[in-house]
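Student: Build the full structure now, drawing on both the sequences and the hints.
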Amino acid sequence: MDWINLLTPLAASAVIAAIPLMLAALGELVTEKSGVLNLGVEGTMLMGAIGAFAVTVQTGSLWLGVVAGIASGAVMSAVFAWLTLSLMANQVAAGLALTIFGIGLSAYVGRPYTDATIPMLRDMPIPGLSSIPVLGASIFSLNPLGYLSVALLAAIAWFLYRTRAGLVLRSIGEAPSVAHAIGYPVVRIRYFATLFGGAMSGLAGAYYSVGYLRLWQENLTAGRGWIALALVVFATWRPGRTALGALLFGVVMALQFQAQAMGIRIPSQALASLPYLATIVVLVIISRNRQTIRLNAPASLGKPFFAGS
Amino acid sequence: MFSSVFIDSSDTMFDLTLEPRSGPSRTMRLAMPLVATLITLAGGVLIFSFLGKNPAQAMAAFFLAPISSLNGWSELLLKASPLCLIALGLAIGYRANVWNIGAEGQLLLGGIFASGVAIHFDGHGGAWLLPLMMAAGALGGMLWAAIPALLRVRFNANEILVSLMLTYVATQLLIYLVSGPWQDPHGMNFPQSINFSREALFPRFFGDWRWATWRGTRLNASIFMTVVAVPLAWFFMRKSFAGYRMEVGGLAPLAARYAGYSEPRAVWVALLIGGAAAGLAGTGEVAGPVGQLQATWAPGYGFTAIIVAFVGRLHPVGIVLASLLMALLYLGGEAVQTSLQLPKAISGVFQGLLLFSLLGCDVFVNYRLRRRARALTRDA
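Listed in order, the protein sequences are those of chains A and B. Per my numbering, residue 1 is the first one in the first sequence, and the count goes up by one each step. Per my numbering, residue 1 is the first one in the second sequence, and the count goes up by one each step.
Check the hints yourself; a few may be wrong.
Stated by the list, open to error - Derived contacts from chain A toward chain B, CB cut-off under 10 Å, selection only:
#1 Glu42
#2 Val75
#3 Ala93
#4 Ile100
#5 Ile264
#6 Ser268
#7 Arg288
#8 Ile293
#9 Phe306
Simulated from the structure, these hints should not be mistaken for lab results. We put the CB at the ideal spot given by N, CA and C, even for glycine.
Tutor: In structure tokens form, the structure reads like this:
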């Protein structure tokens, strides 16, 4: 039964790699549903990662660290929201600025922490379920942040499609001027959606640095934020498909580490390129049908809204 | 008061409000980069005070020390030149609404292709070698940029994400080459290629050409690529019909189609020009200051050039000035690293701050600040 010995760790590391992607993508999904395109996910994740790591090192508390990571993400997206929603700056440019700023600031703030170590976030296996062969160990033996992520997935799907507030949020992404005419505060709701997205990216970064790798280095996220952005397109703006897509990417990333164990002989650089190439392939497959994108993307995505116009 | 004005422009609770101008203000377009620079400088004073450094001393170390010597100016030009070259290429695309974010990858490919030529002809070169390397470098950048162009035109795939993903792939390709097939056999196992021979390097102003003014500096002929590119880009953007057609094709695809212009062509031209410029910049680096291909050679210029393009207002003259400013931010970061023991990454903070301030200030180009009557706000 050799394949079980190979597949079990593969599934486990796939799920672990998928969680931060899913968190960041879900946050961006909510932001984009309100009509705001925030390309700053990568920079926000990095700030979340260093915020969480630094506070954990300073206080010794993982949970304070996670809270700090979420807060760093929210602050980053607040800057973005102010620029794009109040000052009506170009969303693409502001998002890129946010990422460049985040890469620089996280490297700067993180310098003293490159050799620091932190305690481990313990896995909490669910008795019984976690001993199911192959998948049990991966799905039912997560750390608390992992379970929190699953809960957030359910909560976001429920909020968007089962609550009135979710409906308002989506309507603002589709037709902001109509929503404004009915009396909904378009800009204020977009602020909330953007801040929430930033907080989720911050949490994703925190998961990365304190929940998973337990270290800090410059550019720790290595493009994961961009992959999360691609995931939103891949999922055609649906939470469930976002989770599935994240898992798919998780498998690709896990393969990178498991390939050696499986006896696959290709240069390690080719394996390291896999997630990025997979992103491109997935984007092409999804985007080739213009109709799907046009029907699913929020109609006002990326367009600034000015009440007077 | 001032800041609260901007919190919410749709819910009218404040006396001051923004009002759209009938057209973009030319004065504001020109003034705002200066205002943004001043805000960045003010931000610098705040940051340095916060770090417990004497702000005046720190600002002098950051902004003045690097350009107080001839060597400093030479380093400034060496850094500004690739930034300017890449930003010119990107700006042509951005004007047409084609968002090539992968210039860093295209720069790496340019460097890789040029290095391939240099390594292949090592020891057998002549005066033809350097032009051949430049052609190869431009080709490498164009090939890497052709992938997002093709995928966007054929499959509608977002060029931002595709060009960016390719940057990470390019990094891996670089590491593979210099730690495998192209590794210097006498390089003590360092992941780097052989040192290029003299024919494969851009001539130095002092070392090769004996220009006494530049005694002791590293300034080399690679900067002439930028010197030539600036007027070319200006002509293409401002005077040529092709440039105009591209801008319309990207900005208003429907109107462009009506006029018989094609959007796919705008995408192709934008990305290929951007890729060629980045590839040339990469050639200038490996055949200039670096002199070989190294695993760690990823200058980040491809990303910084995005800021340069925006701060320069997507205009060739603006880009020249912005590239000099951005190069100064780099050098300043290095200067405070040695003199004030601050990490070099502070350059990135300044660069981001500059772009943020500019984007924020830009509101005044299209809007003016107005007092609004209370009565009006109620029934809005």
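Student: In ascending order, which of the hints set out earlier in this document are inconsistent with the structure?
Tutor: Going through the list in order, the structure violates hints 2 and 5 and respects the others.
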